[in-house]
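J.: For the protein sequence lines, the chains are C and V, in the order given.
Per the numbering used here, the first sequence starts with residue 1, numbered consecutively.
Per the numbering used here, the second sequence starts with residue 1, numbered consecutively.
Incorrect hints may appear among the rest.
DSS-like mimics (lysine-lysine), calculated; alpha carbons at most 30 Å apart, straight line [claimed, not checked]:
hint, chain 1, residue 1, chain 2, residue 2
1, C, K96, V, K68
2, V, K122, C, K57
3, C, K174, V, K85
4, C, K185, C, K138
5, C, K108, C, K96
6, C, K129, V, K85
7, V, K85, C, K276
8, C, K57, V, K68
9, V, K122, C, K96
10, V, K68, C, K271
11, C, K276, C, K96
Simulated from the structure, these hints should not be mistaken for laboratory data.
Because the structure is a prediction, the values reported are computed rather than measured.
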Amino acid sequence: MSTRRDLLKCMSWAGAGIVWSVAGGVPRAVNLGGSALAAPAGGFSFVQISDSHIGFKADANPDPNGTLQLALDKIAALPQKPAMMVHTGDVTHLSKPEQFDTADQIIKSAKLDTHYVPGEHDVIGDDGKMFFDRFGGKAAAPGGWYSFDQGGVHFVALINVLGFSPQTGATLGKDQLEWLEGDLKGKTASTPIVVLAHIPLWSIYPQWGWVTPDADQAFAYMKRFGSVTVLNGHIHQVVQKVEGQVTFQTAMSTAFPQPEAGTAPSPGPMKVPADKLKSVLGIRDVDYVPMAGLKLSDQTLA
Amino acid sequence: MLQMMSRRALPLAAAAALALSVPAFAEDASQPTQVAATAPSTVTIDNFAFAPAILAIAPGTKVTWANKDEEPHTVTSADGGLMFKSPALDTDDKFSFTFDKPGTYKYFCSIHPHMVGTIVVK
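Only chain C is shown next, with the shape it has when bound in the complex (with noise of 0.2 Å):
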């Protein structure tokens, strides 16, 4: 999809504290730790949040149920109430029926109507049977796979965590990709299609799994699109890419930090200070406005 070198260029890191303003023509602003500002008339917003990973209980964070009330109480304090919430997957743990549980209990306390994708944390063993059960998108064809319409955007929301066999890792597939295709026919070009996964949808470090190989046919779908903008998680981080109409965006875990890609031996669970914690977690505010799209801003929980 591009070179290593075009990765880089459009690549900012969370960790760097840079602002990422211009790109592609299309200003985005990224607030790290900033505060939201009201959506103009006739737009809307919403939240992202992202790798819960409720019960885990290694140092990183012996308290992944706090950090995620914290991360709800953040969304509770905005100043303009989110149409809606979408969690990006590894919501639990081990795919544990009491991790299920929590999760839930604390998510639903947000009194929000919330879209989820599992992680692969969320289907260990069952292939996601416990986690559709309770987290399943509405009208979702069966795979799990599904999409919805709110305030004039398009949300879709694809699966790239089940089915991995060695080495090639997270993929779509053939049957969710043919459902994408058929999926996107009626939208016009004009309508902003935001796409959510767990695994990135580009190649940022195929070496930790963060890549999905086969996404390149899903945006080859999205190409006569004006505005496609695609929330992932997974990798506990904020890096970001814009490639012609399409934006990527990877997330905050409310729960742990992972390391930058390449920086350490493995991908595992960063631990930080304590009292650094909130500030390398954090929350995603999305506000939409007609004709001049979305505008993303991250938060810390510090």
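For chain C, the structure is supplied; the task is to place chain V on it using the hints.
T.: This is chain V only, laid out in the frame that chain C set:
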């Protein structure tokens, strides 16, 4: 540590084969070696890797995987878990499987599929 011990006990040819990629090892595996009797039957999972990545055992050996990572992993046979499939192994969890028949058995972590390993039974 375990890998070093097993290598020291191996004939040179087998030790060299262990250092090569999996397909290369499969070719060399047709030659008789004394790998089976001396190899360890424990695989450690550390830093998102199986160690040793290739383990040779005698038929009937029980292999135990122990997860030392803070991240959960699984041990899943490459046929998609039909032959063996562990539940999610949290830190310090273990999983065992006994290999009765000779053969080359590849496996991976179904959560992190770039983590792969091989058990050679002969």
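J.: Against each hint, give a clear statement of whether it holds in the structure.
T.: Okay, the hints, checked on the actual structure:
no. : hint               : in the structure
1   : C:K96 with V:K68   : holds, 20 Å
2   : V:K122 with C:K57  : violated, 40 Å
3   : C:K174 with V:K85  : holds, 25 Å
4   : C:K185 with C:K138 : holds, 20 Å
5   : C:K108 with C:K96  : holds, 18 Å
6   : C:K129 with V:K85  : holds, 17 Å
7   : V:K85 with C:K276  : violated, 38 Å
8   : C:K57 with V:K68   : holds, 14 Å
9   : V:K122 with C:K96  : violated, 37 Å
10  : V:K68 with C:K271  : holds, 16 Å
11  : C:K276 with C:K96  : holds, 29 Å
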